Amino acid sequence: MSNEVVRRLDGSTRELIRLMRERIRSLEGREDLLSLLKGTGDARGEDFFGDLPRVAIGIDGSLAYDDRLEFLLVYVCATSYKCGFRLEDMEFDLKNCERDYRSSISEAVPIWSEDLPEISDGSKEMDREIARSIESIPYSLMTLAEIYLTFKAVRDGEASIVFMDRPISSTYSILGSGIRRLLKREEFALLGMDTEWGELGKIDLRLVYMLGSGKTFVPARGLYLPYAVVRLAMERGGRVRPGEVKEEFELSDKELKWVKKRLKRINKNYSNAMLKEVGDVIELREGVGDYWKRAVSVSESVIEKIFEGEGHPLYLKERGRWITPSELDFVGFVTLQRLVDMAVDRGVLLIGITKDTFATEFTRSVMPYYMSLKGEERRGVPRVRSDRALLAALSSINYERLKTPWRTISYDSSFVTTAFIGGRIRPARKVITKERLFVRSYFQLREFGVDRSMRSFVFLYDRPYYPKFDDPHTVSIETEDKGRPYTPFLELNESFVDDLVLKVLSKCDNPEIFEAFGHNQLLYLADKAVKAEVRLMKESLRRIADLRLGTITKRGRFYMLVKKYREYRKEEEERRRNV
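Per my numbering, the very first residue in the sequence shown carries number 1; after that it's consecutive.
Hints may contain errors.
What the hints assert, rightly or not - List of simulated lysine to any residue pairs, SDA-like, C-alpha gap at most 25 Å:
1. K468 to L87
2. K261 to Y209
3. K317 to E300
4. K152 to L52
5. K403 to G422
6. K152 to G176
7. K507 to L87
8. K246 to G289
9. K215 to R180
10. K254 to R241
11. K468 to R185
12. K355 to R241
13. K264 to E244
14. K403 to S386
15. K430 to E255
None of these hints come from the bench; they were simulated from the model. Computed from a predicted structure; not experimentally measured.
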């Protein structure tokens, strides 16, 4: 290697450092950007929490899997830590956190390699596709375990504050993608499953995805408008007249005609299972309104089968089919929606925390739109790879002006699918997703005493939309969805719930432990516990599986059937080297 190469590399590195310093320095004194950051405020817990126990719970999960050549062995675990708190000053008893072993979930699932194509959402693709889908099985199981554990904690009234070590809104979106994948398949294990309210059909899955439980807001715009009409019909006894639809949603004759046409198309796509008539009256078929009851019934059956039942957790013996990751996502989606509904109804503060994110919606959409509403001239913002990186740099360079803890203005999770282009909010891709489901905000809790510019990581939290407190914060935005308004949450004035969330978060970290510094002590403890549990499971249970499955494989002469030649040759080569 020549000295010239070394010299040029050194010069290039210096140039990169100079550019980065210039970007960070350009944020100094940016009062326009600093105005989007807020302190704890004066929110009082007494105005939010009801009669539930003054207990906070942190829930986390972990996963691992062994590819044992003949089979895949999946391990998942979810557990919780809890502590008490005082409502008067929101002080948490973090020194006396305890693990609730009764609420833990642990599961080990063996899967034959030959069954992987069927379990992996029915994939018949090449080995590469199957290998990719292998990771989806433990991830879907772990996600379901975390959601179900959180659901039980809220259902059983164990706490008034619950932390999840995952973004709730993003999880909701990912699980919804699983439902969309299911709808593209002709058959799957849960389709046609019998319940007290009839068999689960594809139209039920579609309504679950578009309407949720029926309690959440459904926007009357774009692809959601026909489903808003369906829900209106459900609320009015199963039928509604076009005139009522026109009046309820303030539609023009042209818009009403489009809605009726769209409803007919949806109905046809689902074998006319949703509507009995679309003409002088829009009438639902009998039992359509029970879609949520069927979804809940099937979800409860699957959860009981996986976490409490006998036999293989993913095999439905009576149907002769495997439960795929997309079906686990459907069950997780239903359970998460039930969890959110219950948290809102009971006054439980449900908070999801994201440690690492490369999201850009704050700088791409929220910040410029907010400034346009305030009538502020938008100055250039340095190109930084993510919101989190920009906010960390802004906080550090302006440490004398900005005290910790702080948070950004809170905003609707649907802003993730938007962009501020040409002075307007537009879909970042094709569709702006449903608003008034979740609210998001970035936050930073700590600074180092020796150097105030050195600060804890910037994290993201999200929470459910609480109509009682959040309805006053909705704004109406013109969109390209046939001119129908987009009405998301945006904190133009102080948000009581988000002030309370920041106050809670600021009292729940642990400055004495690096991993919990500026993060969350309960989630830190839960994370350590589940990782240790999974390691223990992996070390002990793999021996049991190897002994049982290995014996059956050899006795049954299945060895050559389930293994590839290359895998067999690899084992033989390793055996010879060890001799």
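Next item on the list: Assess, step by step, whether the Cα of K264 is no farther than 25 Å from the Cα of E244, and give holds or violated.
Entry: The given pair, whose Cα atoms are some 18 Å apart, holds under the 25 Å limit.
Check: Is it true that the CA of K254 sits at most 25 Å from the CA of R241?
Finding: Judged against 25 Å, a Cα distance of about 16 Å means the pair holds.
Note to self: Hint check: K403 vs S386, CA-CA at most 25 Å. Holds or violated?
What the structure shows: Given pair K403, S386 holds - Cα atoms ~22 Å apart, limit 25 Å.
Item checked: Straight-line alpha-carbon gap K152 to L52, limit 25 Å -> Between K152 and L52 the Cα gap is close to 14 Å, so the pair holds against 25 Å.
Check: Can the restraint linking K261 and Y209 be considered satisfied, given a maximum Cα separation of 25 Å?
Finding: holds, 21 Å
Notebook entry, point to check: Would the pair K468 and L87 pass a check requiring their Cα atoms to be no farther apart than 25 Å?
Noted result: holds, 20 Å
Checklist line | Proposed proximity, G176 with K152 (alpha carbon, max 25 Å) | finding: Given pair K152, G176 holds - Cα atoms ~21 Å apart, limit 25 Å.
Notebook entry, point to check: Going straight from one Cα to the other, do K430 and E255 come out at no more than 25 Å?
Noted result: holds, 20 Å
Next item on the list: For the pair supplied as a hint, K317 and E300, confirm whether the alpha-carbon distance does not exceed 25 Å.
Entry: holds, 17 Å
Note to self: Just to be careful, I want the Cα atoms of K507 and L87 compared with a cutoff of 25 Å; is the pair within it?
What the structure shows: Holds, because 12 Å separates the two Cα atoms, which is no more than 25 Å.
Margin query: So if I understand the rule, the pair passes when the alpha-carbon distance is 25 Å or less; does K215 with R180 pass?
Written below: holds, 21 Å
Item checked: Pair hint outcome, K403 versus G422 [Cα-Cα no greater than 25 Å] -> violated, 34 Å
Violated hints, listed in ascending order, are 5, 11 and 12; each of the other numbered hints is respected by the structure.
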